[in-house]
Amino acid sequence: MIEVRFFARLREALGRERLSLPLDAPGLTVAGLLCALDAEIPGARAQLTAPGIRLAVNQTFVEDETFTLNPGDEIAFLPPVTGG
Amino acid sequence: MIEVRFFARLREALGRERLSLPLDAPGLTVAGLLCALDAEIPGARAQLTAPGIRLAVNQTFVEDETFTLNPGDEIAFLPPVTGG
Amino acid sequence: MLSVAVQTEDFSLDDAFRRLRQAAPGAGAEVAFVGLVRDQAGSVSSLTLEHYPGMSERSMLAVCQRAAERWPLLAVEAIHRVGTLGPGDQIVLVLVSSAHRHAAFAGAQYIMDAFKSEVVFWKLENRDGEKTWIEAAPSDRSALAAWGEASGEGAP
Amino acid sequence: MLSVAVQTEDFSLDDAFRRLRQAAPGAGAEVAFVGLVRDQAGSVSSLTLEHYPGMSERSMLAVCQRAAERWPLLAVEAIHRVGTLGPGDQIVLVLVSSAHRHAAFAGAQYIMDAFKSEVVFWKLENRDGEKTWIEAAPSDRSALAAWGEASGEGAP
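Chains as they are written, first to last, in my numbering: chain A, 1471 to 1554; chain B, 1471 to 1554; chain C, 86 to 241; chain D, 86 to 241.
This is chain A alone, in the form it adopts within the complex (with noise of 0.2 angstroms):
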């Protein structure tokens, strides 16, 4: 399973906050990942490339599309920030 989470207004712009994917397949990358998000929630993919959307793999950001998950990680789709 991997674990998909959007906060802010990609949170209500997708209408959900966390989603499971039984997505186990080995080498499964984060461009892969956004074709299934689109095949689950239709319209995810252009909201989630959207400019200032940025990714965080177990908390940790990820910029390269061509990244490999694993099964267990949690992804996130994080809005532009604006702390303190």
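In case anyone wonders, no lab produced these hints; they're calculated from the structure. Heads up, the beta-carbon is just placed ideally off N, CA and C, and yes, glycines get one too. Check before you lean on any hint, since a few could be wrong.
What follows is a set of in silico ranges between Cβ atoms, one per label pair, in the way DEER data are often shown [claimed, not checked]:
hint	chain 1	residue 1	chain 2	residue 2	range
1	C	Met86	D	Asp99	39 to 49 angstroms
2	A	Thr1538	D	Asp99	44 to 54 angstroms
3	A	Gln1529	C	Asn211	42 to 52 angstroms
So these bits of chain C aren't anywhere near chain A, every CB distance computed over 10 angstroms [to be verified]:
hint	residue
4	Leu87
5	Gly120
6	Gln125
7	Gly139
8	Arg143
9	Asp174
10	Ser202
Once you have looked at the hints, place chains B, C and D on chain A.
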């Protein structure tokens, strides 16, 4: 009368904190006051005009030795400050 | 000695200064920054802060560590609130100590500049019933860039 | 809203922040600087602060006024202690508020830089029984010069 005050290491070096001088002559300048002080406390002039010593008349800095004093003025000699 | 916390409760400034001094005695200079919900005249507003639990603390700590590597800071304490806050409420505290004032000022200001565009918090402003997600201003990104860093770790 | 005080008593940070907020509500950013007697390992020391009553307050106020003309500060509170202080004791507090953080940081840092070489306080350090008058370091004068000002009002 003119009130003269010495602070910090000047106070220690001259061995006094304040002094009243009966200088009511019109047109007395800072330079004239320095002469009067040197007569009162031998060697005071060198101490009071050493680099870094500043002068305040009625709590306002004065740079000019031709500045004219008035009876009742308070003149303070200030070593280099360090607040904060 | 770096300490970060994310919490819904308000924080006491006296308590924070006391902890800072216990953590690292011997400081000569302390700088505190407090961010507040601005009380903008003419419109009742509130601010709801959301975060990514775990990652928010990690991102705060990463910023504080970078500051402590760059300036000789003795201690850093950062507290960020989440949840719904009203005008005048305290949002964030950054408190640093050092032997000298310039390191303390630079460290605190750097941490705040980095918090604005790096730590994973989001702000939803509610003004007269209209809700808007606030994003870091371009000036926030240029503020961080002025320290000689791209905004965001690992950003291209 | 500028407030300055010279006192022998210690000051409470919570009280100072409370007064600042009452004086000027609506701020979004507050910066506090606290200067402490440094606790230097290996030598018991104390610091005795002397001032020119009346002129010390005027010189502090003049610095705060210049800061408030240069940055959009909402309120400034400055407290400077005098008398004999021991290691770890609070010496000075500068607390400013503004709508935005950069003005608050700049205002507080400018005030401290100017305090170091302009306000009429003197410090006598007592270390292992040896007493030394502390003078502003050359770095203090260059810190103020970096703001585009000669050190000391009316200086040539």
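Checked hints:
1. C:Met86 / D:Asp99: 39 to 49 angstroms: With Cβ atoms ~22 angstroms apart, the hint is violated.
2. A:Thr1538 / D:Asp99: 44 to 54 angstroms: Holds: the Cβ-Cβ distance is about 52 angstroms, inside 44 to 54 angstroms.
3. A:Gln1529 / C:Asn211: 42 to 52 angstroms: Violated - the Cβ-Cβ distance for Gln1529 of chain A and Asn211 of chain C, about 28 angstroms, lies outside 42 to 52 angstroms.
4. Leu87: holds (16 angstroms)
5. Gly120: violated (6 angstroms)
6. Gln125: holds (17 angstroms)
7. Gly139: violated (6 angstroms)
8. Arg143: violated (6 angstroms)
9. Asp174: The claim holds: Asp174 of chain C sits with its nearest Cβ about 14 angstroms from chain A, beyond 10 angstroms.
10. Ser202: The assertion about Ser202 of chain C is violated, with a minimum of 7 angstroms to chain A.
Hint compliance for this structure: hints 1, 3, 5, 7, 8, 10 are broken, all remaining hints hold.
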